[in-house]
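*Asks:* As they're listed, the protein sequences go chains A and B.
With the UniProt record's numbering as the guide, the letters of the first sequence map in order to residues 1 to 337.
With the UniProt record's numbering as the guide, the letters of the second sequence map in order to residues 1 to 386.
No lab work stands behind these hints, which were simulated from the structure alone.
Be careful, since some hints might not be right.
[Unchecked claim] EDC-like cross-link-like pairs, simulated, lysine to aspartate or glutamate; straight-line CA separation at most 20 Å:
1) B:K382 with A:D304
2) B:K90 with B:E43
3) B:K382 with A:D218
4) A:K2 with B:D271
5) A:K2 with B:E298
6) B:K382 with B:D135
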Amino acid sequence: MKIAFEPEQHDLAAGFDRAAAAVASPQVARGLWDTETGRSADLWRAVAEMGLTAIVVPGQNEGFGGTLVDLALVLERIGHHAVPDALLEALVTGPVAIARAGSSKQQEAWLPGIADGSIRATAALRGLTSVPDAHVSDVLVYREGESLHLADLSRCALTPLVSMDPSRRQFAVEVPPEAAEPLPGSAAALEAVLAHEASGSASVLIGLAQRMIDYTVDYVQVREQFGRVIGSFQAVKHQLADATARIVLARFQVHAAAAKVAAGAEDARHASLAARRVALDAEFEANRAALQLHGGIGFTWEHDLQIWLKRGKALEQAHGNRGEVADELGAAVLATL
Amino acid sequence: MDLTFTPEQQAFRRELQDWFTENRPQGRLDSPYSEPGFSQHMEWETKLHAAGWAAPSWPSEAGGRDLDPWAEFIYDEEYARFRLPERLNKMGLVHGGPTVMAHGTEQQKRAFLPGILDCSDIWCQGFSEPGAGSDLAAVRTTGRIEGDTMVVDGQKIWTSQGVIATTMFALVRTDPQSRGHRGITFVIIDLRSPGVEVRPLGQLHGNPGFAEVFFTGVEVPVANVIGEVGDGWRVASTSLALERGTSRGSQTRMEQALVDLARDTADAGSDPRSVRRLGELAAWVSAYEQAAYASTHEIATGRSKDYSSFIKMLGTEILTAVHEENLEVLQAGAEVMADHGPNNEMFGMRRNYWHGRGAEIYAGSNEIQRNLIAERQLGLPKEPRG
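Here chain A stands alone, though its shape is the one from the complex (with noise of 0.2 Å):
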C-alpha cells in the first residue's frame, strides 16, 4: 500500500502552479471575458510545453503513455487557479476516448497532433447540447447511447451558448450524419472512459473548493466586526471546519480514485462515482461557506471570488450532477447485493 504520490508528479504540479501564475491569473482571466475566444494562446503553449498535452496519449502515438495518476495534482491545480479553458476534456477526456476506443487509423490521424498541442481535443459525454470549447478544438468525442463517437469539429455546426461563468465557453454542436466516425473500441471502453471524467472532474472540483476555503480562511482573520477579526468567532470557525473537513476526506477518495482508474481496478467506475459525489459536496460546502463568509465584499463584481464561484457552480453540473452520481452509485450499490 502506498499512498502517496511520486515526486515528479508533485514536480509537475508545481511546475504548473508557476506557469498559471503568469498565463492564468485572475486578471488574465477578467481580460479574456470581453474577448471572441476567450481563450489564451499563451495558456495553451504553456500547457503543451510542460508536456501536458501528451501524458495520457500512448507511446507509440508519440505521447508519454501516463496515467490519470499522473495527471491527477495537475487536475487539482486547475481547479485551483480556476484556468480559463476546458482542459479536463483537452488533456484526459478527449485523448483517452480516442486511446482507448479508437481505430489505430484513428489513433493515428489524432493522437499525435495531440501530444504535441498542435490538436486540441473535446469531449461530450452528456449530449451535444452543450459542449466546452468547440470553437477552439479540432475533434469531438461524444456519446450516443452506449457507444462513443468522434467528429472533425471544421464539419460541424456550432451554435455559441451563453454560460453562467464568462470563462466557460460552451457550444451546441451539430455533427452531420458523413462527419460522425464511430469509435469501434467503445463498448469496451466507455466505461473507463466515463471513469476518467468523473474521477479527473472530481479532482478539479477539490483544487476549486480548496483554493474557496484558502481564500475565506485568509479573509477572516483581517475582516475585524465587533471589536475583533471574525475568524474568531465560533459561528464563522465551524462553517470553516466543516468545508474543511469534506474536501480532506473528499481529497482521499479523489486520490484512490485516480488510482483505481489508472490501474484498471474492477471497482474503478464506482470509486470514480464516489468521488465525484463527495467532491461535489465538498465543492458546494465550500462555495456556500465562502460567499457567505466574504459578506458583501464577495458579492461585489471587483471581487476575484466570483471567478471560482462561479466556477464551481457551473461544473457541479458539467460532467453528472450530485443527483444523477448519486442515482447511479446507489444504483451500482443494489447491484452488488
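Here the structure of chain A is known, so what remains is to put chain B in place on it, guided by the hints.
*Replies:* Then chain B, alone, in the frame of chain A:
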C-alpha cells in the same frame, strides 16, 4: 500510488480469517454486564490472549506481537468484518495501555500492562466529570499528595465500562491553586480501593455499562502517576489522540451498516429517493474508508499529519446519516425493530443507532472537533474567554 496490499499482508489477513473462523464464539454472547455474559466474554478474551491475539500490535515485551500499523489495521478490519464481540478491555487496550507505554516507566509498564492483556484488570477512563464534559481543563476531582500517597476526592461520570472496571486512568487536580490545564495529573487508580463507590448509570439506549464513580479519601500510590505530577494534560493528550485518531475497524463497521441499509432499501422496493440517498451515503462511506487508509499510511510512514479530528467528526456523522436513512427506509418497522442484529449479533440497529449518536458526543464533542480543526489546522484565532 499503489492501493493494494502486499502478498505478506494478504497472507496475514488469511491467517487471521482462518483463526477467527475456527475460534469465533458460537452464537450470541450475552451482555458483558450480566454474570453469564461476563464469563462468556472472559472466555473469548482468554482464547484471544492464549493465541497471542489480545493486542497483537503491542510490543512483544508487553505481550503483543509487534505488528506494524498496517497489520494492526488489517486485524481491526477482520475483527469487525467477523462481527466479533466488542473487546471487554477496549479502554485499556486502545487508550490506557498505549498511554502507559508512551509515558510510563519500565516498572509501570511491567506493573500495568499484563493485567490489561489477560483481563485480570479491566480499565476505564476517568476524564469526564459532571462539570467538565469536553472541557477537561475544568476537572475538579482532587489528588492531595501526602508523602508516597495521593488522596483522591471527587466524582467522575459517564464512565464507559465503569460497572465492570477494576482500574481507572484518571485526571485529577493535584495543585489546588491551579486553573485550566495546569496542575492536573494523570494517575491510575485501583477501583477496588476503600473509598471508591461505583454506581451504575443507565444509558439512553438501555444498555448498561455506564457508571458514576465517587472517590472519598481514596489512597493511591504516587508511584501510579504516569509522567510527572502536574503534567497530566500532556499525558492525557496522548490518550485523547488515540481515542479520536484511529479508525479501529470503524470503516468496516460503517461499510456493514451501508450493506444493511442497501438490503433494507432493496426490500422496501428501491424507490428512486432511497436509491439516490444510498448512493450519496455510499460515496461518503467510501471516502471515510480512504481516510482510514490515509491515516494509517501517515502512522506507518512515521509522518505526523493529524487527521484525527476529521476522522472523529465526519466519521461519526456519516455513520449517523447511514443509520438515519435506515430508519427512514424501515418506516414504521424502525420503531419495533429487534434488539439484535440480522446475524444474531449482540447489538442490533437500535443500539447501534443510539451508540452512534453518542459517538458524536464522546471523545471530545464534534463541536470541539470543529474548533480544533479551525484553530489547529486552519490557524484561526482562539475564541476570547470571558
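*Asks:* Each hint should be assessed against the structure and marked as holding or not.
*Replies:* Now the hints, each set against the structure:
Restraint check: the Cα-Cα separation between B:K382 and A:D304 comes to about 28 Å, which exceeds 20 Å; the hinted pair is violated. At roughly 16 Å between alpha-carbon atoms, B:K90 and B:E43 fall within 20 Å of each other, so this suggested pair holds. Our distance criterion of 20 Å between C-alpha atoms is met by B:K382 and A:D218, whose separation comes to about 15 Å. Restraint check for A:K2 and B:D271: not satisfied, since their Cα atoms lie roughly 39 Å apart, outside the 20 Å limit.
Under the criterion of a C-alpha separation no larger than 20 Å, the hint pairing A:K2 with B:E298 is consistent with the structure, at around 10 Å. The hinted pair formed by B:K382 and B:D135 meets the criterion: a straight-line CA distance of about 15 Å does not exceed 20 Å.
In terms of the numbered hints stated before, the structure departs from hints 1 and 4, listed from lowest to highest.
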